[in-house]
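Trainee: Sequence:
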Amino acid sequence: RESAERVLHHLLDNDGRALVLCTSWAFVHRLAETVRDRLQHAGIELLVQGERPQQELLRAKRDDPRSVLIGTESLWEGIDVPGDALTLVLITRFPFAQPGHPLTEARIRALEAKGGNGFRDHSLPEAILKFRQGFGRLVRSRRDRGKVVVLDPRVRTKRYGREFLAALPTGVRVPW
381 RESAERVLHH LLDNDGRALV LCTSWAFVHR LAETVRDRLQ HAGIELLVQG
431 ERPQQELLRA KRDDPRSVLI GTESLWEGID VPGDALTLVL ITRFPFAQPG
481 HPLTEARIRA LEAKGGNGFR DHSLPEAILK FRQGFGRLVR SRRDRGKVVV
531 LDPRVRTKRY GREFLAALPT GVRVPW
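Residue 432 in my numbering sits at position 52 of the sequence shown, and the numbers go up by one each step.
Only true hints are included.
Derived DMTMM-like pairs (lysine to aspartate or glutamate); straight-line CA-CA distance at most 25 Å:
| # | residue 1 | residue 2 |
| --- | --- | --- |
| 1 | Lys-510 | Glu-436 |
| 2 | Lys-538 | Glu-485 |
| 3 | Lys-527 | Asp-444 |
| 4 | Lys-538 | Glu-492 |
| 5 | Lys-494 | Glu-506 |
| 6 | Lys-527 | Asp-464 |
| 7 | Lys-510 | Glu-485 |
| 8 | Lys-510 | Glu-543 |
| 9 | Lys-510 | Glu-492 |
| 10 | Lys-527 | Asp-395 |
| 11 | Lys-527 | Glu-457 |
| 12 | Lys-527 | Asp-460 |
| 13 | Lys-510 | Glu-453 |
| 14 | Lys-527 | Glu-425 |
| 15 | Lys-538 | Glu-506 |
| 16 | Lys-510 | Asp-460 |
| 17 | Lys-538 | Glu-385 |
| 18 | Lys-527 | Glu-506 |
| 19 | Lys-527 | Glu-543 |
| 20 | Lys-527 | Glu-382 |
| 21 | Lys-538 | Glu-453 |
| 22 | Lys-510 | Glu-457 |
| 23 | Lys-510 | Asp-532 |
| 24 | Lys-527 | Asp-443 |
| 25 | Lys-538 | Asp-501 |
| 26 | Lys-510 | Glu-431 |
| 27 | Lys-538 | Glu-382 |
| 28 | Lys-527 | Asp-393 |
| 29 | Lys-527 | Glu-385 |
| 30 | Lys-527 | Glu-453 |
| 31 | Lys-510 | Asp-464 |
Since the hints were made in silico from the structure, they are not lab data.
Using the sequences provided together with the hints, build the complete structure.
Mentor: Written out as structure tokens, the structure reads:
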């Protein structure tokens, strides 16, 4: 609930124009349920991944610059919303793979069998790559400007949080 309120604060402060990247479908649905009425009251359309086909959502986002798009997985990469329609990307949590996923578990076991560290050698690099891809949704041309807000407290409380920040493109300002 607190996280949803923080998201809502940023969305209203930015007058929409945002992409909210989540790491679970459950959070996407809870967040949408929490913010929908307040955004609607502010005249901001909420677009939620899974409620319509993705291409339709992206078209609606481009057509209504103030709209907010919330989603997971496929929205972290490969979408293009240039210009004023996207001036804020909110990353709710670091995009680590879901624990217990069979493919992830198999890769980690194979690494550890060879003396590697599953977190350092697999989970962290994969999450950092996805984080960079999510960050890249904001600036799609030389004229694009905006901000990325990372709501995951681990960005400051865990040593690996600095590794996420160090992976950002050159020229990015971190306010602390």
